[in-house]
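K.L.:
Based on the provided sequences and hints, a complete structural model is requested.
Residue strings, one per chain:
There are 6 protein chains.
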Amino acid sequence: MTMARDIAGLPMLLVVDAVRAALEEDLGRAGDITSLATIPANAVASAAIVARKPGVLAGLALAECAFRELDPEVRFRPRLSDGDALQSGAAAAEIEGNARAILSAERVALNFLCHLSGIATATAGLVAKVAHTRARICDTRKTLPGLRAFEKYAVRCGGGVNHRFGLDDAILIKDNHIAAVGGVAEAVRRARAGAGHLVKIEVEVDTVAQLAEAMTAAPDVVLLDNMPLAELRAAVQLVGGRAVTEASGGITPESIAAVAEAGVDMISSGWLTHSAPALDLGLDFAIAGAR
Amino acid sequence: MTMARDIAGLPMLLVVDAVRAALEEDLGRAGDITSLATIPANAVASAAIVARKPGVLAGLALAECAFRELDPEVRFRPRLSDGDALQSGAAAAEIEGNARAILSAERVALNFLCHLSGIATATAGLVAKVAHTRARICDTRKTLPGLRAFEKYAVRCGGGVNHRFGLDDAILIKDNHIAAVGGVAEAVRRARAGAGHLVKIEVEVDTVAQLAEAMTAAPDVVLLDNMPLAELRAAVQLVGGRAVTEASGGITPESIAAVAEAGVDMISSGWLTHSAPALDLGLDFAIAGAR
Amino acid sequence: MTMARDIAGLPMLLVVDAVRAALEEDLGRAGDITSLATIPANAVASAAIVARKPGVLAGLALAECAFRELDPEVRFRPRLSDGDALQSGAAAAEIEGNARAILSAERVALNFLCHLSGIATATAGLVAKVAHTRARICDTRKTLPGLRAFEKYAVRCGGGVNHRFGLDDAILIKDNHIAAVGGVAEAVRRARAGAGHLVKIEVEVDTVAQLAEAMTAAPDVVLLDNMPLAELRAAVQLVGGRAVTEASGGITPESIAAVAEAGVDMISSGWLTHSAPALDLGLDFAIAGAR
Amino acid sequence: MTMARDIAGLPMLLVVDAVRAALEEDLGRAGDITSLATIPANAVASAAIVARKPGVLAGLALAECAFRELDPEVRFRPRLSDGDALQSGAAAAEIEGNARAILSAERVALNFLCHLSGIATATAGLVAKVAHTRARICDTRKTLPGLRAFEKYAVRCGGGVNHRFGLDDAILIKDNHIAAVGGVAEAVRRARAGAGHLVKIEVEVDTVAQLAEAMTAAPDVVLLDNMPLAELRAAVQLVGGRAVTEASGGITPESIAAVAEAGVDMISSGWLTHSAPALDLGLDFAIAGAR
Amino acid sequence: MTMARDIAGLPMLLVVDAVRAALEEDLGRAGDITSLATIPANAVASAAIVARKPGVLAGLALAECAFRELDPEVRFRPRLSDGDALQSGAAAAEIEGNARAILSAERVALNFLCHLSGIATATAGLVAKVAHTRARICDTRKTLPGLRAFEKYAVRCGGGVNHRFGLDDAILIKDNHIAAVGGVAEAVRRARAGAGHLVKIEVEVDTVAQLAEAMTAAPDVVLLDNMPLAELRAAVQLVGGRAVTEASGGITPESIAAVAEAGVDMISSGWLTHSAPALDLGLDFAIAGAR
Amino acid sequence: MTMARDIAGLPMLLVVDAVRAALEEDLGRAGDITSLATIPANAVASAAIVARKPGVLAGLALAECAFRELDPEVRFRPRLSDGDALQSGAAAAEIEGNARAILSAERVALNFLCHLSGIATATAGLVAKVAHTRARICDTRKTLPGLRAFEKYAVRCGGGVNHRFGLDDAILIKDNHIAAVGGVAEAVRRARAGAGHLVKIEVEVDTVAQLAEAMTAAPDVVLLDNMPLAELRAAVQLVGGRAVTEASGGITPESIAAVAEAGVDMISSGWLTHSAPALDLGLDFAIAGAR
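Protein chains in written order, with the working numbering: chain A, 355 to 645; chain B, 355 to 645; chain C, 355 to 645; chain D, 355 to 645; chain E, 355 to 645; chain F, 355 to 645.
A portion of the hints provided could be inaccurate.
[What the hints assert, rightly or not] Taking lysine-lysine and the DSBU-like style, the derived pairs with C-alpha atoms no more than 35 Å apart in a straight line are: (1) 483/B with 528/B; (2) 407/E with 528/E; (3) 483/B with 407/A; (4) 407/E with 407/F; (5) 407/B with 528/B; (6) 407/D with 407/C; (7) 407/A with 528/B.
[Stated by the list, open to error] Computed from the model, here is a short list of chain E residues facing chain B with C-beta under 8 Å: (8) 370; (9) 371; (10) 374; (11) 381; (12) 636.
By construction, these hints were calculated from the structure, which means they are not laboratory data.
By construction, the Cβ of each residue, glycine as well, lies at the ideal position given by its N, Cα and C atoms.
P.N.:
Shown next as structure tokens:
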């Protein structure tokens, strides 16, 4: 409720709702029965959130919220900010408060933090590989249910850019839509007729020929799906700056630099959110007295 | 509401709640504006959920629920069951229904299915590596917030066993609890005094010496944390069947067989739920007429 | 759950949630104590939703949902569709079902229908006044809390177009943002740097001079706020098709045709959603037997 | 949570729930992306809620709650209270706090405030027209779904009285109930037999003859529906103080004084809540520094 | 969703919400692990809800809903209706459906049914004791949190009448309110000035003298609190039919007949809802095959 | 949010959710209209929660939360703690704060407190009767829907122990499960195969013969259901410490000592939670000024 730090683009109401739900999931109907049996009610502890591996930090506000929900008087001092690089052994934040509360909130705090920092770290890795080009890295809708706003925030922490947040905030015409309409240019035209003036229209194409037809309908963005590098280069040239170009499909850490060098504006990766491994962060903890 | 198939141990009420929340997250305030603009309202489609990579299936009921929420009349025919092995190219289920509804639900259905099948596949991989031993594979509380019940279900689909579901349904005494109490055996005794007679007590130890002390208090389960193989073998021998033995920490696909061969009953892995990569499944789709 | 009709762009999950909440608001803790005391439990009624004044229909699915929630066996037969013109005395739908359920749901059904049809009617009125021009009518975020998705749907039923749905799906730079940044063009540039490639950028300007500066940053849409007609015409000319033009501020039914004739693409009106009067629809009801 | 001011009869829990839902509706999944891109995180602003038109204020606590939810440290200083008359240009409240938070909450705060003040203003207008009589103005159940408690509060702010809040807290026997029972007096008797001793019973009649029959069953309130003035006067005389008299139907600002002069106790108007136009209030805003 | 029977005055939406919450409370995160391990997924069972003790039935719809939520295809055949007398050994309903579902829902169904039937039985007991008088039995707001609507429904099933449902639907002026105002008649007058015309006003008095003062303000109901029998008789005489009289305080099954014979209209009892013992009902169950 | 006292094993998030729901149930749509009409908005009161009968206190944090939700500035000073014995006339807590808020929260606070203290008092009564034996008293799943976590907490306050919290956190094999499997030992074996290593297995038996068979499968706990005393003694002897023994069925305050003297470890009682009468606590209240 009184958290001072800013979490850019992550509505605090969503943070509180998600953290409360996660705590209720973990505390169940009887709470942390281990800490209740072994830790005195008035014990005070000091703790630190420490990186066990290097990476990029994301989700500190969610961690803070977890501790604060169980101890409104907790002192949570960030040592780093979301988006910062973490060295192995570095402390992201220091915590002082009720010992039971800290232990009871630990897992929820770390579950958010390790997952989101994993995504930020993976994003930063791809961003670094294309830093010598104009390409930017973006995410997809291949997110874990219930966590999309947070995962997309983590992508931003890693230096990436967000694709649309849902089915409702941008139009993306895919092969199935094109097949239903009967043609790519006609599909774009129908989308434009149906969409509001503040909605962008992207269309997915598989070949340069299809791209050429699509461009007659002037889409805002073209998704170049699974194109070989030569075709990708031809596609970028054909577009000639009249639309944003986005490459997608089969992107690997090995192949991404070459894709970027083909000249596209954006490279989107579902892997960032559905498969990036967690970053290993832990809690160093010590009883510090009683109050 | 009228789904016929059984989903062992996954309360259907949780499934419906989670799927509805995921659909609301994806559909937002205006729904699937792309399909609305390009697919006729009365178009009917047939589709199939198809594996692009081999693995183990988990989460079919969540996928079905996603399609059914958007088209209560959908025909969803499973071709395989959760826990079955998937060959690359195999269909997990066939779907027939309103074309817009199928496209609008596709991403949510696949997001659940790919994530959970990824966990089941990873679990089955570890299970296979220890099949020649008595060891069983289990999960941890390192799950993604909001998804624990589903992720633990996926572990069961992969042949694994579940550790506790939350802080409230079993006691697990860790180093911090022991430090607060001042001794491992005393910690177990306090836990037993506080816990009900239907709650099991597990205690984490780092060394055989600590284990010996712990065993004087007769815990139900001992967690052998990060022990070298030789120490692990000594620990198993010391316990001598008087408690369940669980190995944890630094388990890798390479090292797991050796850990299992040390004779432990259980091996727990946080990686299964926090970092297993998604299994690649997709939707093959075709317009099949109108009604 | 089994409603057959299509409600374009209005996620059914939102409809059900809103209707249930409205019914709970009206039924309270004891239900419809008047009908319980006076209508036999097994009485069957036939009813019709009838327009008392002419207008444009919007919200039929919400009305149907209200009756269906209280009588899952109700027969609800639409005679018209959302977006259709209603003559005074015309029936929008016919209903047959449990008499108590119909009377208990009546007010909720009509409260949605009269409000949304009022918005659709108001929208259609403005659309008609600019039909001889290229201008389209759009809404704003001046909606009633909790009803935005439905009110924006009603605007579409009336022939209008939707502006953004929330603070998160498009950028609209207003005077306060410009003042904070120190200049309109710089504000647009910062917005572009921060926004994803699927987010459109609109900027509000008060004068042609400010517009000229804004255009150097190539916004997608320009909001021409409260401009006199001569200035509006100059603004449209200056833009010259390089951005969508939207007029706003002080639009009245009397003035709107002249604004449209100035050549703008869009005219936005908060009045449509915050002040359009309800359309008068009522329920004709008769007991038809018992079952 | 710590708002000091009293909001008579408006449970604060309802206020917080409604404001949070409205903020989530507006902030969506990514928050106020415009302010995030253009306003520094630490900028502080001072603002004022100012009336652009004269009217009666209602809903200040909802506005305060919106700002406070996004900035718990905000200073919100009311200059007027709900129910006070607003001159054009008058400030209802002054606000000082985080600049982003103020801009992000602005629309939600104003949407509540303009709608509720519109209702209070409309109510006060009718109240003034009947001030020379004994008649009081009351509302109906023709409210906007989800907003009933707030709209009825606004009617009280405007000097009106509330009719029942839902189907469950008073009995109102209408034509359809009478038809089902077969007679007005019998309907009242059945209602009395079914209702608790703390529930009032009102019956709607269309004619003096029907009223005479109804009075034999001693209702608490009679609703005189759509009666011509002469009949209304006769009805009031017939009742002779043995029940509260309420006139309803076809009330207009022009006709209301004559209706009141007929001697009724109450005049109810659905228009107050379903069609009263919003009162125009805006936010004057200026960056005031940083912290 | 498709339950056919009527539950007078108990909104079905409240039933479904309460039953789902109760099932989620009981099924937790892993469901009925005992039945999952021992009952085949396709086993079909027949069962009966049987009274182990005599009493009055209440809550059958909640029981049905519990079974239906876990098996939408269940056949639930009521043999008796709410309000009916139950003999020991009598079946209230017969059930046929999925064996696991019936066992998993059993406890929730019985928990509702035994509690509510306990209240109905207790109510009927008091009603019988005063059947020779004009007195009716009513409840209070001393209900268990979250269960008020259901408990008050059970009171009606037992032949009782409901007092107000909450703080908002009737005025009850107690000693603390009178002390704050400075006098009982003045308190009634203030209440009348503040309340709508559809709200009844009750005032609590301790003595006949206080009652005499209260009657000068013409309350609708007087609560005669803890009066000795002689004073109660005097009070009833003083009121003389000008208000409803309600006796309260220290009512026991032994004393209630004498209280009723003092001539009061109503006798209210908190014991009905806060302390009535559960009625013993159980589930007779047998596996009946497989499907 | 800032409540200082510890409530062992009762997650504060559950407390806040339950109290808010109870307040919304009682305050309804218009709030405490009696206090609003009679108590000045700025009146301050001092009050005390006082026992009218002796017993054991449970639920103080829920009471505090009720007052705090309606007046965040309230001063709530506990004089006793949960689990303490209450003398008749003793104050459990003193309260100082806004007079309206205290009166509006009174009923919710007392409804929780009287119910939970009733359970604690009943539990303590049984505990005292078996204090000379090794037996401990435990609860069942026969709890009131929505209140289980609180009721089980109250059992602990009274000196009892909790049985499982739901269907998911321990296995309890009953007669119907045994019948479906075909034998008690086989049922235990199937349960063990299906359950995780942190789940205890209890089996219900009716006779010593059945117990003997069950013991061959080494359950953790045996439930000795409705056994005569002689059989109970034989059962305890047969088990010989190899499992926890729990007696259940037909336990009365009169019979419980004899059951305990038969040597069982646990005695479970559904009566504690489904039928224990409320403990009588009230609120002493006085206006103390204004602020």
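K.L.:
Would you check whether residue 381/E satisfies its interface hint, that is, whether its CB is within less than 8 Å of any CB in chain B?
P.N.:
Cβ of residue 381/E sits 4 Å from chain B, so the hint holds.
K.L.:
Does the alpha-carbon distance linking residue 483/B and residue 528/B stay inside the 35 Å limit?
P.N.:
28 Å, holds
K.L.:
Interface hint check: residue 370/E, Cβ to nearest Cβ on chain B, cutoff 8 Å. Holds or violated?
P.N.:
Violated - the Cβ of residue 370/E stays beyond 8 Å from chain B, reaching only about 11 Å at its closest.
K.L.:
Hey, residue 407/A versus residue 528/B, does the alpha-carbon distance stay inside 35 Å?
P.N.:
Measuring from Cα to Cα gives roughly 22 Å; hence the hint holds.
K.L.:
At a threshold of 8 Å, is the proposed contact between residue 636/E and chain B supported by beta-carbon distances?
P.N.:
23 Å, violated
K.L.:
Let's test the interface hint: is any C-beta of chain B closer than 8 Å to that of residue 371/E?
P.N.:
12 Å, violated
K.L.:
For the pair supplied as a hint, residue 407/E and residue 407/F, is the alpha-carbon distance within the 35 Å limit?
P.N.:
Measuring from Cα to Cα gives roughly 30 Å; hence the hint holds.
K.L.:
Tell me if the straight-line CA distance from residue 407/B to residue 528/B falls inside 35 Å.
P.N.:
39 Å, violated
K.L.:
Assess, step by step, whether the Cα of residue 407/D is no farther than 35 Å from the Cα of residue 407/C, and give holds or violated.
P.N.:
Answer holds: residue 407/D to residue 407/C is near 30 Å, not above 35 Å.
K.L.:
Hint check: is the beta carbon of residue 374/E less than 8 Å from a beta carbon of chain B?
P.N.:
Constraint on residue 374/E satisfied, holds at 6 Å.
K.L.:
Given the hint that residue 483/B pairs with residue 407/A, does the C-alpha gap stay at or below 35 Å?
P.N.:
27 Å, holds
K.L.:
Hint check: residue 407/E vs residue 528/E, CA-CA at most 35 Å. Holds or violated?
P.N.:
39 Å, violated
When the structure is compared with the earlier hints, violations turn up for hints 2, 5, 8, 9, 12 and for no others.
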